[in-house]
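A.B. asks: Please work from the sequences and hints to get the whole structure.
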Amino acid sequence: MKTLLLAAGRSRRVKPIEDKNFLKFAGGTLLEHQLDTLKRVGLTDLLIVGGAHNREKLEALGKPYDAKILVQENLDEGMAGAVLAAEAELDADESLLVISSNDVLAQSANADAYLLAYEVKTYFPGGYLKLNGTRITGIVEKPEPGTEPSNLVNIVLHVFKKPVALFEALRAVSTDRDDRYEVALQNLMQKQVFEALPYSGFWQPIKFPWHVLDLMNFSFKVMGSRIHPSAQIAASAVIKGDVVIEEGVKVFEHATIVGPAYIGKNSVVANNALVRESMIGDNSVIGYSTEVARSFIGDDCWFHSNYVGDTVMGNNVSFGAGAVCANLRLDEKEIVSSGQATGRNKLGPILGDNIRVGVQTSLMPGVRVGSNTMITSALLITEDIEAGKFVSGGKPELVIKDNKAVLDKGARAKMKGNL
Amino acid sequence: MKTLLLAAGRSRRVKPIEDKNFLKFAGGTLLEHQLDTLKRVGLTDLLIVGGAHNREKLEALGKPYDAKILVQENLDEGMAGAVLAAEAELDADESLLVISSNDVLAQSANADAYLLAYEVKTYFPGGYLKLNGTRITGIVEKPEPGTEPSNLVNIVLHVFKKPVALFEALRAVSTDRDDRYEVALQNLMQKQVFEALPYSGFWQPIKFPWHVLDLMNFSFKVMGSRIHPSAQIAASAVIKGDVVIEEGVKVFEHATIVGPAYIGKNSVVANNALVRESMIGDNSVIGYSTEVARSFIGDDCWFHSNYVGDTVMGNNVSFGAGAVCANLRLDEKEIVSSGQATGRNKLGPILGDNIRVGVQTSLMPGVRVGSNTMITSALLITEDIEAGKFVSGGKPELVIKDNKAVLDKGARAKMKGNL
Amino acid sequence: MKTLLLAAGRSRRVKPIEDKNFLKFAGGTLLEHQLDTLKRVGLTDLLIVGGAHNREKLEALGKPYDAKILVQENLDEGMAGAVLAAEAELDADESLLVISSNDVLAQSANADAYLLAYEVKTYFPGGYLKLNGTRITGIVEKPEPGTEPSNLVNIVLHVFKKPVALFEALRAVSTDRDDRYEVALQNLMQKQVFEALPYSGFWQPIKFPWHVLDLMNFSFKVMGSRIHPSAQIAASAVIKGDVVIEEGVKVFEHATIVGPAYIGKNSVVANNALVRESMIGDNSVIGYSTEVARSFIGDDCWFHSNYVGDTVMGNNVSFGAGAVCANLRLDEKEIVSSGQATGRNKLGPILGDNIRVGVQTSLMPGVRVGSNTMITSALLITEDIEAGKFVSGGKPELVIKDNKAVLDKGARAKMKGNL
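Here the protein sequences come in this chain order: A, B and C.
Using numbering that gives the first Met the number 0, the first residue of the first sequence is number 0, and each one after it goes up by one.
Using numbering that gives the first Met the number 0, the first residue of the second sequence is number 0, and each one after it goes up by one.
Using numbering that gives the first Met the number 0, the first residue of the third sequence is number 0, and each one after it goes up by one.
You may find that some hints are simply not true.
[As the list claims (entries may be wrong)] Distance condition first, Cα-Cα at most 16 Å in a straight line; then the derived EDC-like pairs of lysine to aspartate or glutamate:
#1 B:Lys400 with A:Asp383
#2 C:Lys388 with B:Asp330
#3 A:Lys160 with A:Asp92
#4 B:Lys408 with C:Asp330
#5 B:Lys413 with C:Asp330
#6 C:Lys141 with C:Asp178
#7 A:Lys415 with B:Glu331
#8 A:Lys129 with A:Glu140
#9 B:Lys415 with A:Asp281
#10 A:Lys394 with C:Asp383
#11 A:Lys403 with B:Asp330
#12 B:Lys332 with A:Asp407
#13 B:Lys394 with A:Glu382
#14 A:Lys408 with B:Glu331
#15 A:Lys67 with A:Glu86
#16 A:Lys403 with C:Glu385
#17 B:Lys388 with A:Asp330
#18 B:Lys1 with B:Asp90
#19 A:Lys332 with C:Asp407
#20 A:Lys394 with C:Glu382
#21 B:Lys403 with C:Glu331
#22 C:Lys408 with A:Asp330
#23 A:Lys413 with B:Glu333
#24 C:Lys400 with B:Glu385
#25 A:Lys388 with B:Asp401
#26 A:Lys400 with C:Glu382
#27 B:Lys408 with C:Glu333
#28 B:Lys141 with B:Asp178
#29 B:Lys129 with B:Glu194
#30 A:Lys129 with A:Glu181
#31 B:Lys400 with C:Asp330
#32 A:Lys62 with A:Glu31
#33 C:Lys394 with B:Glu382
#34 C:Lys400 with A:Asp330
Quick caveat, the hints were computed from the structure, so don't treat them as lab data.
C.D. replies: Okay, structure coming up:
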């Protein structure tokens, strides 16, 4: 059996996160974690479908796993196109396991003829299986809550004993359709027997950017705790709970790291900073008097005198002093991000890569800031900012008059007397 | 003798503080402190006049003192109505001590036929006694500074040997008058002999909200110092001076509490926070990197990365990160609050109950924010905000262009090299 | 030989720094450091030319050095007028050493007939020497980069064996000319032999305010390390590297001072503050949660909850909580100050004396704020502010509606549960 890992997708819903496959959790990318899992359960004949945009990174990453990288020419053909890209790689009698790179499972199931189906307890906006006994007769995409045909959600871990029939079914559906893969499955189900493998272990898709935080929290559970011997930790710094501190990290005086937390290679947690329940990538600086709480921070990020709470950001993001990530509505109700309900009442902004935010600027909860964007100082950002923008507030209007106030020279001395 | 404690008043001048009787100083409400004092000097036959608005809370609070709670039907009748509400409770030959719930005395005087009179050293906007020898012949309300008839200010601790005459005098004055009680006294003085009991011990009325800070400072002097055994205090936290830390309090790493200070039950002083010369109520969180200096904070308040100086606030007030209480004018002159000179050059804003303040918002010195109000982020609040309001700055105007800046990848690495 | 120290200048380019001669480096003014250097190399017959504006301060400062203070009547006559002010002090056969008060040399050269000439490696906007062999034939002021006649820049350390000829040459040039001194030198060079004494040791002119930071860094190298026995340093405070702490200084809990750093007399480094690579004058307060990095701070300054990076400021400057000195452009390119390229990509604002900045106000990189100015709260200052101004943003426009949000009482308790 060959395993086909789908890694070509550039989901718009997860924007401004650039490529979720390469998000690093506890030092390894999401894709590496998936490949490790596949290897562990004995799936070693690996195909990864990517696109032109990430081919090189996939080649480098797939090498240690002996994975063959395939390139999907037309990304607009979605999952159907991705699966067809593997056609030439399969012998006539080989089965095919199709698996998504970003449905993260805690351990892989030993299925051989099934669609993996997650038993949801509350509504999830995915594809629900219609069943006739144990046989799957259809998939209903995002039904209205309350009208779900079952409590089983389709997870993209699909095993096809005869993929030739799948390829034929895919080709029989127009490339114009967004849901070509799903329609092909539906058609095939009428002829072949599909069964569901119910699964109730850990499952975390990254459909929306805030799912990164859920996945981070799962990752914490399996991360353990260690401090690299090269790390320099000031005597007055405090490290509590499960914390991983990688090579070359520096933790300065009066800083605190409260686990679970992960600090990537060569990063700095500076004086009086606080990191808790967060992952920090490599080469980042959590500067003086900065709190990072329950957040996912990429490589090469830089903060000082900031509050960063319940926030997801990519690489090379820098904040000026006093810039703040708001993470709670005043009415403490559910936060909506780009029109999408998030199910969270605590969520900061979401930032892509290569972003600069000026001093004293506030980013409101759930706001998304695209990559390669600069936002100037002292602004209130209440709306999404597209990638590649330069955002300012225009010239500040000042009222400048002559200063007629006279200071009492003694006043300050009196105040200082109390110190 | 029966003692009548006046607790019905809802002073407009002390707004937005909701009911000063229930402000807690060092864990006990103002009213409880008053009742303790009365008990200590042997006054045990206690009546408390409240209103419909606080009857329930008074019943609960008065129970351990065997105090009878009376309800004044029409609060518009002021102090006169409050005194008349006690009429039915008095035997014909019983004397009556009338005492205000919020003129706080350090120890109660053993007077029996007097109006207690405070010897003021500087002008206080109260009622001044006119004297003929030791006999009081009149009360002049808030005379112009310099025209005071004496240096004795009327404190509402009035003993009437024959309260029947008082009740008659009260009824003889029209209910339309604001100063009905005072006029009744003036009339009575012409017939009866009123004497002043000069008093120069501690006296602190709560006429204006900032008097809460004065009373807090007095309260510190008698509070002592203790840490409840259930409190969890991090090894690196520092506690100095006279500090009371109640049950269930947590003090996190690198926090400092400089006495005098009081931290109420189950409150948290988080990492790197500083509390000094302040009272914090129960269940409050003084979050990371927050300073609370010389302030009175109620129950269920929450801060992080804030500066709170010389500020008075009620219960359930929450600040977003970076919000600031300004407590000093640029010219360092006296602060005026709602048109009222405060006698202070350091005073923050005054906040009622159930208030939310967004990130990065600044509240100017002496500004009053009414209860049940929400103020959004990044605003400058220079004016009083009424209760029950939602305050925003409208949609921020952003100028969004394409970002043409190109970052030099090496620049940050060079900066980081110095750390 | 008499030595004439030029201290009358009031350079416009160094504004808003008030009088660079009196800037204190490691406790001594620039002028004192210069006088110490002169004394060390045996130059003891000292004249200092000042103006009416600093005569008194010069008299006090020059006394221990037995320096005679001369006053230049018309400061508009520049360096020529300053030199002529010394004419009456010289005997006919005495030589004259003319030296600038703010070209700081690490050690003084033993020259006797030369103009000191600094070997520059990169372009400096000064006067370049034209040479014929070792003879100086002219000085070219600020040539276009690439057209310099040599790599030798004229430093005002000029020795004249026969100053009488100099005085004559000066008088022969019109007082209308800005460059009267330079023209006189040029004329004299045609008759007399001028030679250059090449010098490649430390040289730091204060042409622009940011040169104060360069001089500070040099000063650190020779400052050493000491803590006055009267200083009070909390047990949890950390002091690292070369740090000088003067008499009466207090360092509070969880503060950090990272050398090189200088803390002047009676200054306070308060709780959780961080001072690094900076000089703090006397009687200043680096308040709670404030970072001062790579900055020069005068006497009587006061901060709390501020970020101050790569900033130069005079005396009696106070910041409200949350005010920030931005020190980096978003594009990380060279900072321009008052139209002048600075050669720095990290530079904060430059402030004079007696300045107040309100809470949450941001001062942009390189912005200059004149003395005796007040800037109100929550402003973004992107332009230079002249001396003596009162700057506000006008009345903030608030949108005030009724608050219809209802808070869920349990939400906060749930959040607090995680602490």
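A.B. asks: Check whether the Cα positions of Lys388 (chain B) and Asp330 (chain A) lie no farther apart than 16 Å.
C.D. replies: Between Lys388 (chain B) and Asp330 (chain A) the Cα gap is close to 13 Å, so the pair holds against 16 Å.
A.B. asks: Are the Cα positions of Lys403 (chain A) and Glu385 (chain C) separated by 16 Å at most?
C.D. replies: 14 Å, holds
A.B. asks: Next pair to validate is Lys400 (chain C) with Asp330 (chain A); report whether the Cα-Cα distance is within 16 Å.
C.D. replies: 15 Å, holds
A.B. asks: Between the alpha carbons of Lys403 (chain B) and Glu331 (chain C), is the straight-line distance 16 Å or under?
C.D. replies: With a Cα-Cα distance of about 13 Å, the restraint between Lys403 (chain B) and Glu331 (chain C) holds, given a limit of 16 Å.
A.B. asks: Is the hinted pair Lys388 (chain A) and Asp401 (chain B) satisfied, with a Cα-Cα distance of at most 16 Å?
C.D. replies: The given pair, whose Cα atoms are some 4 Å apart, holds under the 16 Å limit.
A.B. asks: Tell me if the straight-line CA distance from Lys129 (chain B) to Glu194 (chain B) falls inside 16 Å.
C.D. replies: Between Lys129 (chain B) and Glu194 (chain B) the Cα gap is close to 11 Å, so the pair holds against 16 Å.
A.B. asks: Assess, step by step, whether the Cα of Lys400 (chain B) is no farther than 16 Å from the Cα of Asp383 (chain A), and give holds or violated.
C.D. replies: Within the cut-off at roughly 14 Å; holds.
A.B. asks: Please work out if Lys415 (chain A) and Glu331 (chain B) have their alpha carbons no farther apart than 16 Å.
C.D. replies: 14 Å, holds
A.B. asks: CA of Lys332 (chain B) to CA of Asp407 (chain A), is that 16 Å or under?
C.D. replies: Roughly 9 Å between the alpha carbons, so the hint for Lys332 (chain B) and Asp407 (chain A) holds.
A.B. asks: Verify the proposed pairing of Lys129 (chain A) with Glu140 (chain A), using a straight-line Cα cut of 16 Å.
C.D. replies: Status holds; Cα separation ~11 Å.
A.B. asks: Holds or violated: Lys415 (chain B) and Asp281 (chain A), Cα atoms, limit 16 Å.
C.D. replies: 12 Å, holds
A.B. asks: Given the hinted pair Lys400 (chain B) and Asp330 (chain C), is their Cα-Cα distance within 16 Å?
C.D. replies: Answer holds: Lys400 (chain B) to Asp330 (chain C) is near 15 Å, not above 16 Å.
The structure shown violates none of the earlier numbered hints.
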